[in-house]
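The numbering of the sequence shown is this note's numbering, which starts it at 270 and goes up by one.
Derived by calculation from the structure, the hints in this document are not laboratory data.
There may be inaccurate statements among the hints.
Unchecked claim - No farther apart than 20 angstroms at their CA atoms in a straight line, the calculated lysine-lysine pairs in the PhoX-like style are these:
hint, residue 1, residue 2
1, Lys308, Lys285
2, Lys308, Lys359
3, Lys307, Lys388
4, Lys308, Lys336
5, Lys388, Lys359
6, Lys359, Lys336
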Amino acid sequence: MPLDDASIRLAEVREKIARAAHVAGREPADVELIAISKKHDAATIRPLLDAGQRVFGENRVQEAMAKWPELRETTLGVALHLVGQLQSNKAEEAVALFDAIHSVDRLSLVDALARAMDKIGRRPACFVQVNIGDEPQRAAVPSPTFLP
């Protein structure tokens, strides 16, 4: 995707976000766009970085490890979010690479992340997935009893 195309498409998405924020009575600056870059190679992501996008989401640790270290070396201010399910045995790699982990869905993963954070000395933001619908097929922490 050439820079011009990326710039135009990114501007269009940001304009849609701004309109939606205004309708909701929010400031557009309070809304963070996370560009999901899973299954896209570094060459495809580069034009978005050049157009100013700095927050990206990845679905798999290995895929992110293959492309983001080099991209981050050449671009300042990039924040990387893990948006896919995380296996406990990949907690250390995730803590080393990601700035936020959106898929904390079980206590064993919390323990693995805590150990990895202590070992590496890095503390990415973590978001707990809660199964508020008590759907058995969903990977998430059961909803607390105080939720409706």
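Hints, one by one, checked against the model:
1. Lys308 with Lys285: Distance of about 24 angstroms is beyond 20 angstroms: violated.
2. Lys308 with Lys359: Given pair Lys308, Lys359 holds - Cα atoms ~19 angstroms apart, limit 20 angstroms.
3. Lys307 with Lys388: 27 angstroms, violated
4. Lys308 with Lys336: Roughly 11 angstroms between the alpha carbons, so the hint for Lys308 and Lys336 holds.
5. Lys388 with Lys359: At roughly 14 angstroms apart (the allowed maximum being 20 angstroms), Lys359 and Lys388 satisfy the hint.
6. Lys359 with Lys336: Roughly 17 angstroms between the alpha carbons, so the hint for Lys359 and Lys336 holds.
Hints 1, 3 from the list above are not met by this structure, while the remaining hints are.
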